[in-house]
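Peer 1: Once you've looked at the hints, dock chains B, C, D and E with the ligands against the given chain A.
Chains as they are written, first to last, in our numbering: chain A, 1 to 358; chain B, 1001 to 1284; chain C, 2001 to 2264; chain D, 3001 to 3309; chain E, 4001 to 4416.
Note that these hints are calculated values from the structure, not bench results. Here a beta-carbon is modelled for each residue, glycine too, at the ideal position from N, C-alpha and C. Check each hint, because a few of them may be wrong.
Straight-line C-alpha distance at most 25 Å; calculated BS3-like pairs for lysine-lysine [what the hints assert, rightly or not]:
{"#": "1", "chain 1": "A", "residue 1": "Lys350", "chain 2": "B", "residue 2": "Lys1256"}
{"#": "2", "chain 1": "C", "residue 1": "Lys2115", "chain 2": "A", "residue 2": "Lys129"}
{"#": "3", "chain 1": "B", "residue 1": "Lys1256", "chain 2": "B", "residue 2": "Lys1205"}
{"#": "4", "chain 1": "C", "residue 1": "Lys2007", "chain 2": "A", "residue 2": "Lys201"}
If you want a taste of the chain D side facing chain A, the calculated C-beta under 10 Å gives, among others [to be verified]:
{"#": "5", "residue": "Phe3045"}
{"#": "6", "residue": "Ala3113"}
{"#": "7", "residue": "Ser3118"}
{"#": "8", "residue": "Leu3124"}
{"#": "9", "residue": "Gly3130"}
{"#": "10", "residue": "Phe3155"}
{"#": "11", "residue": "Phe3158"}
{"#": "12", "residue": "Leu3240"}
{"#": "13", "residue": "Val3263"}
{"#": "14", "residue": "Trp3272"}
{"#": "15", "residue": "Pro3274"}
{"#": "16", "residue": "Gly3278"}
{"#": "17", "residue": "Ile3280"}
{"#": "18", "residue": "Trp3283"}
{"#": "19", "residue": "Ala3285"}
{"#": "20", "residue": "Leu3290"}
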Amino acid sequence: MFYREAGQFKTSYAADQTVFPIVQDRWGVAAMVAIAFVGVPLVASEYMLQAVLIPFLIFALAAIGLNLLTGYCGQVSLGTGGFMMVGGYMTYKLTTTFPDVNILIVFVFAGLCAALVGFVFGLPSLRIKGFYLAVATLAAQFFLGWTFNKVGWFYNYNPSGTITAPPRELFGITITGPTASAEVRYLVVLCIVAVFAMMAKNLVRGRVGRSWMAIRDMDIAAEIIGIQPIRTKLMAFTISSFYCGVAGAMMVFLWLGSAETEAFDINQSFLVLFMVIIGGLGSILGSFLGAAFVIITPIILTNAPPMFGIDLPIDLQKHIEIMLFGSLIVFFLIVEPHGLARLWQIAKEKLRLWPFPY
Amino acid sequence: MSDTTTISRGQAAAEDNRPPILRVNNIEVIYDHVILVLKGVSLAVPEGGIVALLGANGAGKTTTLKAVSNLLRAERGDVTKGSIEFEGTSIDRLTPNDLVKRGVIQVMEGRHCFEHLTIEENLLTGAYTRRDGRGEIQKALEMVYEYFPRLKERRTSQAGYTSGGEQQMCAIGRALMSQPKMILLDEPSMGLAPQLVETIFETVKSLNEKEGVSFLLAEQNTNVALRYAKYGYILENGRVVLDGEAEALRQNEDIKEFYLGLSATGRRSYRDVKHYKRRKRWLA
Amino acid sequence: MTENTRKIGNTLLRVDDITLSFGGVHALNGVSFEIKEHEILAIIGPNGAGKSSMLNVINGFYHPQKGTIAFEGRERKRMRPHVAAEQGIARTFQNIALFKGMSTLDNIMTGRMLKMKRSFLWQALYWGPALKEEIENREFCEKVIDFLEIQAIRKTPVGKLPYGLQKRVELGRALAAEPRLLLLDEPMAGMNVEEKEDMCRFILDVNDEFGTTIALIEHDMGVVMDISDRVVVLDYGRKIADGSPDAVRANGEVIDAYLGVSHE
Amino acid sequence: MLYDVLIAPFLDMADSPVFFAEVVIVGLLTGVMYSLVALGFVLIFKASGVFNFAQGVMVLFAALTLVGLMEHGVPTWLALILTVVIMVVLAYGIEWFMLRRLVNQEGIILFMATIGLSFVLQGLGETMWGSNVKALDIGIPDASFEVSGILLNEFDLFAAASGAVLVAVLAVFFHYTRIGRALRAVADDHQAALSVGIPLKTIWVIVWAVAGMVGLVAGIMWGAKSGVQFSLSLIALKALPVLILGGFTSVPGAIVGGLIIGVGEKVAEIYWGPLFGGAIENWFAYVLALVFLLFRPQGLFGERIIERV
Amino acid sequence: PALAQGDQFFPMLVYRTGPYAPSGIPVANGFRDYYTLINNRDGGINGVKISFEECETEYNTKLGVECYEKLKNNGSTGASLFNPYSTGITYQLIPKAAVDEVPILSMGYGRTAAADGRVFEWVFNFPTTYWSQASAFINYVAQQEGGFEKLKGMKIAHVHHNSAYGKEANPTLEALAKKFGYKLTLLAVDHPGQEQKATWLQIRRLKPDWVFMSGWGVMNQVAIKEAASINFKMDNFVGNWWSGSDADVIPAGKGAVGYKSATFHGPGAAWQVHKDIVKHVYGGDESKAKANNVGEVLYNRAVVNAMFGVEAIRTAQGKFGNKAMTGKQVRWGLENLNITEARLKDLGMEGFTRAVKVSCIDHETGGPIVIQQWDGAKWSIVSDWIPTLRDVVRPMVETAAANYAAENKITPRTCN
Ligand SMILES: Nc1ncnc2c1ncn2[C@@H]1O[C@H](COP(=O)(O)OP(=O)(O)OP(=O)(O)O)[C@@H](O)[C@H]1O
Ligand SMILES: Nc1ncnc2c1ncn2[C@@H]1O[C@H](COP(=O)(O)OP(=O)(O)OP(=O)(O)O)[C@@H](O)[C@H]1O
Ligand SMILES: [Mg+2]
Ligand SMILES: [Mg+2]
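Extracted from the complex, chain A is given alone in its bound form (with noise of 0.2 Å):
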């Protein structure tokens, strides 16, 4: 009964193409930012900021670049973590080599070097499709990790080919290195990260996400009206990779402090995929969904036996862990197989309908 738009009328088109129309999503929203902002950094432990809310909020970001490519442009790739491994290892090489620039400066173009590949890798696309070009961006994936493991110039020829985030400052306050604290971290990412999701959200709902999405439902039919298939498909390659490209450097950075490319392994593509189905192809809240539900639930259900009181080899632990989480992801896809982010749409509408079952 509460969540009602009824009474709500749009006066202009501008007022109805706003993200959220409904004044209680407007409120909810403004609540979860003040939380995120202000509240969190009070309230949460390190461990929850590092081992939690940090690698959330990057994968997020991973996730939506991914969903651009994936969701909205239906393009499945497997190179996620390539393009990441990029990211990462531009940020490290252009941060030692020009060590005063400002490092946000230095995310943007190890972005920018994470699309120039992306775009690179996505010119198959425009003849293989499906599950096809799937498999062919694992090419990428060995590719670039090969790359970064082998050409010394990226790590600066030390021994082991480890990249290592120097500590840099920003308003003079130490944001990466072993010395900056956890909530400084924690607010850089939140911030990289609202701006890019509210990018993202609104290239989706204008002329870019609408081609995008013509392509992913019918390539044929978009192109017979007019939508260029080349411009449109590396257009989206080369903004996903650029998002997974600055997710990956604050990987680095921001998260683990140093990597070498097995941190960006093919396990990384494939979770950043599991994020996007899970969460909902070809939603933003859904990549915030599915990252929650990918790096959280194993937590959960490490941390929840000990809880309980429940003792059990660790090892056995983590296998009835693994089985729960394999069955929780179809689980989910049986309810809903359009996500979370579906689920939570659906949720809503009951709400609208509340008390009526339909």
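Peer 2: Only chains B, C, D and E with the ligands this time, still in chain A's reference frame:
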């Protein structure tokens, strides 16, 4: 509301002394747990009958047919109320495979051929449930080719590359291959050339007369449908709003107006409609 | 019923000696005809005659082995479909080709894709010129929506709309592009009389009010006879007749190949 | 540099033709080993349109079950039979818990579901049989011998032969039987298949069970090389380029793709690898497959992708 | 933090599942058993009971970080020290450890440069490192061949995992190749290493005199099997200490007979400490002990590792009193650790491993290695303790450490 007295509402077919081969009792269908599409539909098809299911787009014709053939579940739809009986036994719980074995087969709207299989392979899949040997199946195949010579010409083409009409023929032919007792035909005439529409309905008629196959057909082409069917139901907004003998329906003023495009002076021209708009419905 | 108050102009599109085959199948065999400005041309023929293939050739999706196409006098042999779209050719499809994951409004907005030019950076900000452009085009689409009387389904995903409405949305998408030439592939298949009447009304209005040239494929002879100015008949890849509806209806070859028994 | 890349490797090949022949033969034999894994994918994709991410884990699961049983003192032949039975039961379970509830969903959704499945199977296998390495020896001979300077291994030959037999049998099955036709129909359109009375559930159980058995064969061959352990599931990654090169839907494609990838990556690694610091074969396989795809987007033998409006 | 009484908490990052579980399980069991032994036999470290908690990492760096965050503040004084047992996780934790003041003991793995205690105050990698090990391997080859002069013109191949870990030995081997004139071929094998036919074909063509391997996980098993199938002489095939566990040789069956690997402790369960473990941890049940990997190579390594940790705490207690030590105090203990042969005898480890003396400047000690060989049923030691070539390795360590310090703006401390 109609005022024609020859038309009764409800399960008029029950008056027929033969027991109906198919009876749908007051079913309700919900998609996705929220979208209520059928709101209590009842109908009956007598043994050896041809029954037409008419109605505007979105009235729920396809949904009704799918409810009968149990294909709803694959679309996340559910029959939440009512029951469906075939030859006196309830078929709510049967799988589509069981139904085909019992002799109920559906021709789906929108063709649904197996794109990558050739026309002939498509037809052969229709005989999947048959166990009476290659010879019989070959005979059935010949029969289908006789009805649709065009298919014979294109037998080795992949169905995905055939024209819309060819696919439609293929879908109908495929259903015939299973030697059904009852066919649920969903918009058989859609996209077919006039000549072919007649052919298909003639086929329906001859199958009905010679082999005793019963038909439940959902059609937009009211004109033809009512010529061949013996009984008709009009569906609107998920409800049966009118039913009766085909002949009686053809005489009904409302049907003439809205479904046959006839006005008092004969057939209305499509060019004239431009000048007036009218909306009238039996039920809002 | 073909008396015509509209001014039929010069040749808008001419196809000449088009031959198209797929492996052994000859879909089109030396077909030539022309479409004149502002007219409504119906293309009819038995199933598999090559009607849809003809439309595909016109908007560049199929590339004929032989023959030329001239649009507004400019001749072309091969081109990508989006080029045809840019020249002002829009169409609907026999098997509905809507973008299933999008709402009605978004589908119609895709029709205006070619009219929107702002770069993606502006789009990402959704502000300034991008917003202005978006609103302008939205206004146009709302006009189309009003015209087709589909206001109620503006925000519904098209995938689950009933067939007839989907056809209407598809028409809307084509109209949104403000085409010079509109190709309709069986726009009225699967509709009942009432809905066909609506559809006819839209087609005639578009033709009347915007002067859009229309080529349509249809199997319902009632519709063809009533609304078209001229009829082209194809039979297994060949053109067997071309003329006024009445003349075509009386043509013996057409009756044999297509109509069967004479049609009411 | 250009000389090193474009000419020197060929001179090298010409220099010692016997060694080159050996490289090619090893490539072919390895290729068949890849095909064995790829076959499992093809089966399921062809018959239900599902890209089965869990195939790798199924290989592991089958091998684990076999070794696990043998470790508990079950004789080899009985263990083999029991494993087959367990794979059938597993197929049944997968159908019941998962597939039948996801009828008519898009490919990517089913793909995701199989990822969930792979987690479950991995957990299940390791819970039942432990995570340690287990040696697998079911008595296949494993001696090396030299034929005119070329070193061959009995085991590799045996593996290649079983791969070839499997492919032949499956290819015939798909093309010439009623069930084979039904399988392909299901892959095209679940709903239409249902409507003509093809029992989706039975079909799925059959396919998954057969894929499980193919997985068992792959598991035996690979497990004998590396021991049975978690990593066995990762060979799926080596099968993917084979799969796209041959075409997702083609049984013979799996074997031809395997041979091409096998020879290609070995030749590349040995003659070009040293120029780039080695370990190029992994990505090279994918790039090779990619190049083929640019010319044939559906793989060498895959079904043409139908594009119509 | 409350220093009073309370347990000494040892965090355990383990991997009992995932691709490296076969290595992770014996390691985890070794730690667990040694801690339990100390509690059961001695009543703790000088009366301070040990508590420990396992956290599963699956050998995945991200989960490693999560576990670190989860465990670092547990127990009455926080985590004593971390043994990451993964080079990737070690790299990850090195910068964090200094900030959180928790020492890291990456025994024989991790970042080799951490041997320079001036830059890496909180990280220890004694008794020896990858670089030292590689130099000792060359030393061993020289011994076998009859002197360093014999190395000239010899062909040596390094088959390595294509990762940070696998590549660690390369610079050392290259430096030594320059010095002694042998011809070095580097052959990288990509993760996971299930398929190595190309690598071994190259070896078959190259016919190297010796092959050194830095493998991990399934790569080892396959390499040994492939080496056997090209009939490579197993006596000349030496793995590093992560390529010589029981799990590595068992799948290869008879083919593995003769395969060698480096190590820095004895194999088998015949040592006194094992007898104590069987008695105090397993209540004398030998078969149960065996089922829990007692006596396996990686189990033994974990016992040595656990012993170092415990002894470091004992050392710290000598300065700070018999109570639970904080991370900072444990660090002091590690840096002043001096385990003599006599002490080893007390611990039941005489001959099992070697004496170690850590210092501020040297966190590695560059201890010697031994070579063990597989005879088809068990590992046995087949060499004396082979010294490392410190004159080559140490300068390299210092350069690498200085680079790291410069890049991360660390001012090295001065020792003494
Ligand atoms: N899978 C589905 N999910 C949700 N709603 C659906 C689904 N399928 C159909 N509907 C809705 O159910 C209603 C009835 O649809 P149905 O297809 O039965 O109509 P119909 O009478 O066959 O129409 P048509 O003549 O267009 O084929 C429509 O409003 C449609 O939008
Ligand atoms: N891409 C293609 N590949 C192979 N054959 C094709 C292709 N497109 C069309 N054909 C064949 O060309 C012929 C003409 O097809 P087309 O779709 O143009 O027919 P149509 O006149 O539109 O028929 P309908 O009224 O049934 O839609 C058919 O026989 C069809 O099978
Ligand atoms: Mg319908
Ligand atoms: Mg057509």
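Peer 1: Sort out which numbered hints this structure fails and list those numbers smallest first.
Peer 2: Violated hints (numbers, rising): 1, 2, 4, 10, 11, 13, 14 and 15; every other hint is consistent with the structure.
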